[in-house]
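Working from the sequences, and respecting the hints, build out all of it.
Protein chains in written order, with this note's numbering: chain A, 28 to 536; chain B, 472 to 989.
It should be emphasised that the hints constitute simulated quantities derived from the structure, not laboratory data.
Treat the hints with care, as some may be off.
[To be verified] Derived pair list, reagent style DSS-like, types lysine-lysine, alpha-carbon separation capped at 27 Å: (1) K412/A / K882/B; (2) K305/A / K932/B; (3) K305/A / K882/B; (4) K412/A / K85/A; (5) K357/A / K968/B.
[What the hints assert, rightly or not] Now the stretches of chain B that chain A is said to cover, found in silico as 3 or more residues with beta-carbon under 8 Å: (6) 716–724; (7) 880–886.
No residue lacks a Cβ here, since even glycine has one placed at the ideal position from N, Cα and C.
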Amino acid sequence: MRGRRGIGASALAAAALFCGLPGTAAARPAAARQAFESGIVGLTISAQGWDQDRPWAKGAPQSRVALATVVEGPYLLTSAQMVSDATLIEVEKLGGSMRVPAKVVLVDPEIDLAILGVEAPGFFSDLKPVPIADAMPTEGAVQSVRWRQRQLEVSTSRVSRIEVQVTSLGGLEHPFLLVTTDLKGGGWAEPVFADGKFIGLTVSQDEQVARILPVDMISGFLAMARGPKPYPGFSGLGVRWQINEDPVLTASLRLPGVPRGVLVTGSNWGGSACGVLKPRDLLLSLDGHDIDASGFYRHPRYGLLRFTTITTDRHRAGDVLKAEVWREGKKMMLDVPLKATHTNGDLIPDRVPDRAPPYLIAGGLVLRELDGSYIRSWGDEWRRKAPIRLQLRYWLDSKDQEPGARRIVILSSVLPAAYNLGYHGLSDVAVTEINGRKVDSIAAAEEALKHPEGEFHRLVLEPNGQMAQVILDARTFDDATAEILESYRVPVVGREAPAPPDLGPACGQ
Amino acid sequence: MIRTPIGGALLLAVLTSLAAAPAAAAPPARRPAAPKPPAAPAPKASTAEVPIPSEDGFEHSVVRIINYSQRGDWFSPWDVTGVRASSGTGFVIEGGLLLTNAHVVSDARLLLLYLHGDPTPHKARAVMLGHDCDLALVRPEEKDLLTDIPVLPLGGLPPLRSAVETYGYPAGGDQISSTRGVVSRIETQVYAHSGVDRHVAIQTDAAINPGNSGGPMIQNGRVVGVAFQGTDMLENTGFGIPVEVIRHFLDDAKDGKYDGYPDLAIFESNLENPAARRRAGMRDGESGVRVDFVNDGGSAEGHLEVGDVLLEVDGTPIASDGSVLMEGLRFDYGLMVDRHQIGENLKVRILRDGERRDLVFPLVAHPGTSRYASQYDVLPRYYIYAGLVFEPLNVEMLETSGRDWVVSADKRLVQEQIFRPLSDPKALLREPVVLLRRLDDPVNINIAWYRGQLVTRANGKEIDSLAGLIEAIESNQAPFHVLELAEPGRFIVLDRKGSDEASPRILERYGVLKDRNP
Chain A
28 MRGRRGIGAS ALAAAALFCG LPGTAAARPA AARQAFESGI VGLTISAQGW
78 DQDRPWAKGA PQSRVALATV VEGPYLLTSA QMVSDATLIE VEKLGGSMRV
128 PAKVVLVDPE IDLAILGVEA PGFFSDLKPV PIADAMPTEG AVQSVRWRQR
178 QLEVSTSRVS RIEVQVTSLG GLEHPFLLVT TDLKGGGWAE PVFADGKFIG
228 LTVSQDEQVA RILPVDMISG FLAMARGPKP YPGFSGLGVR WQINEDPVLT
278 ASLRLPGVPR GVLVTGSNWG GSACGVLKPR DLLLSLDGHD IDASGFYRHP
328 RYGLLRFTTI TTDRHRAGDV LKAEVWREGK KMMLDVPLKA THTNGDLIPD
378 RVPDRAPPYL IAGGLVLREL DGSYIRSWGD EWRRKAPIRL QLRYWLDSKD
428 QEPGARRIVI LSSVLPAAYN LGYHGLSDVA VTEINGRKVD SIAAAEEALK
478 HPEGEFHRLV LEPNGQMAQV ILDARTFDDA TAEILESYRV PVVGREAPAP
528 PDLGPACGQ
Chain B
472 MIRTPIGGAL LLAVLTSLAA APAAAAPPAR RPAAPKPPAA PAPKASTAEV
522 PIPSEDGFEH SVVRIINYSQ RGDWFSPWDV TGVRASSGTG FVIEGGLLLT
572 NAHVVSDARL LLLYLHGDPT PHKARAVMLG HDCDLALVRP EEKDLLTDIP
622 VLPLGGLPPL RSAVETYGYP AGGDQISSTR GVVSRIETQV YAHSGVDRHV
672 AIQTDAAINP GNSGGPMIQN GRVVGVAFQG TDMLENTGFG IPVEVIRHFL
722 DDAKDGKYDG YPDLAIFESN LENPAARRRA GMRDGESGVR VDFVNDGGSA
772 EGHLEVGDVL LEVDGTPIAS DGSVLMEGLR FDYGLMVDRH QIGENLKVRI
822 LRDGERRDLV FPLVAHPGTS RYASQYDVLP RYYIYAGLVF EPLNVEMLET
872 SGRDWVVSAD KRLVQEQIFR PLSDPKALLR EPVVLLRRLD DPVNINIAWY
922 RGQLVTRANG KEIDSLAGLI EAIESNQAPF HVLELAEPGR FIVLDRKGSD
972 EASPRILERY GVLKDRNP
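Okay, structure coming up:
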C-alpha cells in the first residue's frame with residue numbers, strides 16, 4: 028500500500044483508511060469522511076410495480092432507500108434494481124436538509140447499472156467524483172459505506188473470492204467480488220472502496236456475504252455511456268454448453284490429446300454465438316484465452332474464471348472475438364461478432380423492468396404474456412406452488428424464441444360471468460391459436476380476435492388434459508367484454524407491449 | 472376407473488403431490504404407511520341365499536391379518552428393501568376366502584391370520600390382487616379353516632346419512648373394535664393404493680384408523696363397504712369401497728385371473744357454455760361432453776374422434792359437465808364405463824359432424840397406465856451396462872427423487888411423464904427409458920450427465936423401451952456407444968470395448984447379481 032512508503036499526505040490519508048498506521052490515526056477519519064461525504068449521496072426511491080394477477084392494476088407503492096456514488100459527468104451511479112419501477116427518485120447529501128429530484132439518464136438492466144442526473148442548480152458544487160480503481164482487489168480488506176441515521180457508516184469487509192456469476196436478469200455472466208462483511212442488511216448499492224478508491228457497488232447480500240458488482244464492469248459501463256450513441260451494451264455468448272472432462276467423449280470427436288475446451292450443445296437466437304457455434308463444436312479458445320475442459324480460463328489478474336465472462340471482460344457489443352473451434356475432426360478459427368444482450372427478447376423473459384405487463388381481457392378471459400415475474404408471484408415457495416406446466420416452460424423453454432414464436436400468451440384466469448360459463452375453472456394455460464391464427468403476443472391475440480370464425484371465437488389451448496379449446500359467442504363478444512370490465516372495475520381492456528427486439532437472422536442450425 | 476391414465480387423475484395426483492410434500496397429508500396418500508381405513512364388501516352370492524349373522528356374530532367373521540412384506544428398491548433395482556410388518560383386517564366371504572384390501576397383503580412374504588378369539592396364527596396367501604381397486608382375496612393354507620365361520624353377505628349402496636358400523640383391528644390394541652358413523656358423502660375418489668385409479672368411495676365419520684383396512688362396513692346385517700383409506704385433511708373421516716366396486720372385482724376374479732378396469736383413454740371437456748354447444752351442433756336441451764383427445768391403445772382408439780360429442784353412455788344421458796345420474800347421485804360418466812369388464816361392449820351415442828349415431832365397441836385396458844400407478848408384487852425392471860443403471864420411466868422411478876418428484880426430479884422427466892401424453896397420442900405406447908444413476912468406475916467417472924436423464928437415442932436408434940435400449944447397446948459394433956439425452960445437444964459417449972470389459976467388474980464390486988431384469 029502506498030501509505031507504507033509515506034509518499035505524501037494524501038496518500039497517507041488514503042492509506043490510513045486501511046492500514047491502521049500509528050501516527051496517522053487522527054488524520055484517517057477526517058480524510059476518509061471527507062472523501063465519502065463528497066462522493067456519496069443517499070437516494071429515496073418511490074416505486075410501484077404491477078399486480079401480476081390483475082395486470083391492469085398497479086401493485087402497492089413501495090419506498091426504498093439506497094446509495095448512489097458520484098462519478099464524472101457529473102452523474103450519480105447506482106444499481107438498476109434500485110431505480111426499477113421508480114415513480115420518484117430523490118437524492119440528498121450527507122448533512123443536507125433537502126431532497127431534490129433526480130432522473131434516470133441511462134439504465135442498463137442487463138448489467139444492473141444506472142446513472143442519474145440532477146437538474147437542481149449547484150447540486151454538484153460540493154460533491155466530487157470518487158477516485159475509481161483500475162481493478163477490483165483479489166485479497167485483503169475493503170470498506171463498504173452507507174448512510175445510517177444521517178451518519179456515515181463505514182464497515183470493513185474482507186475479500187472472500189472472485190466468482191463468475193449470472194446477472195440478475197440472467198443474460199450475462201461476469202466476475203463478482205464476494206466479501207465477508209460486518210455490514211448488516213446491505214445490498215442497496217453501497218459503494219465499496221479499497222485503498223481509498225472505488226472498487227464496486229454491493230448489489231446483494233446474503234447474511235454476512237456481500238456480492239459486489241466490480242469496477243471492471245462499471246468502468247466499461249461508464250465508458251460506453253459517455254461514448255458514441257447509441258449505447259452499445261454488454262454482450263453474452265448466448266451458448267449452451269457442458270464440461271468436456273471425459274476423454275472418451277473427446278476421442279469420439281477425434282480431438283487429439285487431453286480433453287480441453289467445452290462442448291457446445293446449442294445456441295440462443297439473438298446471442299453472439301447464433302449462427303457461429305454449432306452443437307458438438309468444442310470451443311477451445313475465445314479471444315486468445317485457452318479454455319480448459321471444465322470451462323475455465325486463466326485471467327491475467329483474477330486467476331481461473333469461467334469462460335463465459337470473456338465477452339464481458341473489456342468488451343462490448345460490436346466487438347468481434349476470435350474463437351478457436353474443433354468441428355467434425357478439424358480445427359477452425361471463427362469470428363464471433365458480439366451482440367448486445369437483451370433478455371427481453373427471450374421467449375419467457377425473466378423480468379422486464381419498468382414495463383407494464385401486456386394483457387388483454389377477451390370475454391372475461393384474462394390473457395397475458397408469460398414472464399418470470401408472473402411465475403415468481405406465487406411467493407417464496409413458487410417452485411412448489413406455481414403451476415407446474417408454467418414452471419416447466421420457464422425452466423426448459425425460456426430461451427427458445429424463434430421467428431414467429433416470440434412470446435407465450437397464457438390464459439391466466441377468468442373473470443366469471445354468464446358469458447364465459449363453463450370456463451370459470453381455467454387458469455394458467457397457454458393459448459396457442461385464436462381463430463385459426465397462431466398467437467405469440469398480445470398484439471397477435473388482439474388481431475386474431477378481429478377475425479372470428481363465423482359466429483364464434485375459438486381459442487385453442489396448449490394440451491392440458493382439462494380443456495382443448497374455448498368457444499365464445501362472437502356476436503355478443505364486445506358487449507359481454509364491456510359488461511365484464513365494468514363489473515370487475517377493469518379500467519382498460521388491454522395493454523400491448525413494445526415488440527420484442529429484433530434478434531437478427533435465425534441461427535440456422 | 473381410469474377413464475384416461477392421465478387427465479384428471481394425474482393432474483390431481485400432481486397437485487396433491489405438490490401440496491403434500493412433507494407427509495402424506497391429503498387424500499389420496501400415495502401409499503399409506505399403515506393401512507388406514509377399512510371398508511367391507513360382500514361376495515357374489517345373492518343376499519337371499521346368505522344367512523345374515525346375528526349382531527354379535529359379525530366379529531367372528533372378521534379376521535386380523537399380519538403381513539410381513541418386502542418391496543423392490545427402485546433406486547437400487549437389483550436389491551430389495553428390508554422387511555416390514557403391518558396389519559389389517561379381512562372378513563369371510565364365500566368359497567373359503569377372505570376379502571380385504573390389496574394394500575393389506577401386497578408384497579407379502581408371509582401372511583398370518585388371527586381368527587376372532589383365537590391366538591393361533593394361521594398361514595395364508597393372497598390368491599387374487601386388484602391393485603387398481605385396492606381389493607384382494609386371501610386363502611388360508613389350512614383347508615376348512617373358515618368352514619364354520621359365518622359368511623358376511625353383500626348389501627347395496629348405503630343411503631346418505633344412514634348409519635354404518637365398521638369392524639376391524641385398528642392400531643392401539645389386539646382386540647376387535649367396532650365404530651359407528653354415518654355416511655356423509657358418496658363420490659368418486661382417487662384410491663391411494665395405486666395413486667391414480669378413481670372409483671366411487673363412501674365417506675363416513677366413523678373413526679377409522681391404521682389397521683382397520685380391509686374390515687367390513689355393516690348396515691342392516693350386510694356388508695355395504697370395505698374400509699380402506701383416510702385423510703389427514705378432515706377429522707373423523709374414513710372411506711369405504713362400495714359394493715359396486717367389490718362386485719366388479721369378484722366378477723373379474725371368477726376366471727382365476729384379475730384383468731382390471733377398462734380404459735377409454737380419452738380426454739373430454741365440458742360443454743357448459745351455450746356457444747360451445749351451439750358450435751358443436753347440439754340441439755336445445757341436449758347435453759354432453761366434447762372429446763378433446765384420444766390416446767392410442769385405449770378402448771376409444773378407432774371409434775371416437777376428436778370433436779365428437781358424447782351424448783349418452785349405455786343409454787344414460789351425459790350432462791354437459793360430464794356427469795350422469797346414478798342412484799340419485801351425480802357421478803362422472805366414467806363410472807358407467809367402470810361398470811363393465813374388459814372385453815364387454817360399451818354403447819355410446821355421439822354427435823359427429825351434425826349427425827347423431829350410436830357406436831358399440833369393446834372395452835380394453837390401456838397398456839400404458841402402469842407407468843402412473845404404484846407398483847406392487849413386482850420387482851423393478853432395469854438394465855446395467857458399464858455401471859450405468861437404466862430403468863423405465865414410471866412413478867416408482869420418479870419417487871427415487873423424493874415424494875415431491877414433480878418439483879425435485881429432472882424437468883425433462885416430469886415433462887415426459889405428465890405432459891407429453893397430453894399431446895402425443897402414441898406417448899403411452901412407448902416406454903421412456905431413464906439413466907437413473909451411475910455405479911462409479913474409471914470407465915464412467917468422467918461422464919457429465921448421469922442422474923435422472925431421459926435417454927432418447929442410443930447408437931442412432933430411437934429408444935422407446937428398455938428392450939430397445941438393450942438391443943441398441945448389445946448389437947452395436949462401433950468403437951463408441953453414443954447415448955443422446957432429452958436435453959437438446961446433451962449426449963454421453965462410452966468406449967465400447969472398455970465398457971464391455973468393465974461391466975462384469977462393476978457388478979461384482981457393487982454386489983449386483985444380475986445385470987438386468989428386463
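Structure-based check of each hint:
{"no.": "1", "hint": "K412/A / K882/B", "in the structure": "16 Å, holds"}
{"no.": "2", "hint": "K305/A / K932/B", "in the structure": "22 Å, holds"}
{"no.": "3", "hint": "K305/A / K882/B", "in the structure": "24 Å, holds"}
{"no.": "4", "hint": "K412/A / K85/A", "in the structure": "23 Å, holds"}
{"no.": "5", "hint": "K357/A / K968/B", "in the structure": "26 Å, holds"}
{"no.": "6", "hint": "716–724", "in the structure": "violated (count 0)"}
{"no.": "7", "hint": "880–886", "in the structure": "holds (count 4)"}
Violation of the numbered hints given earlier is confined to hint 6; every other hint is satisfied by the structure.
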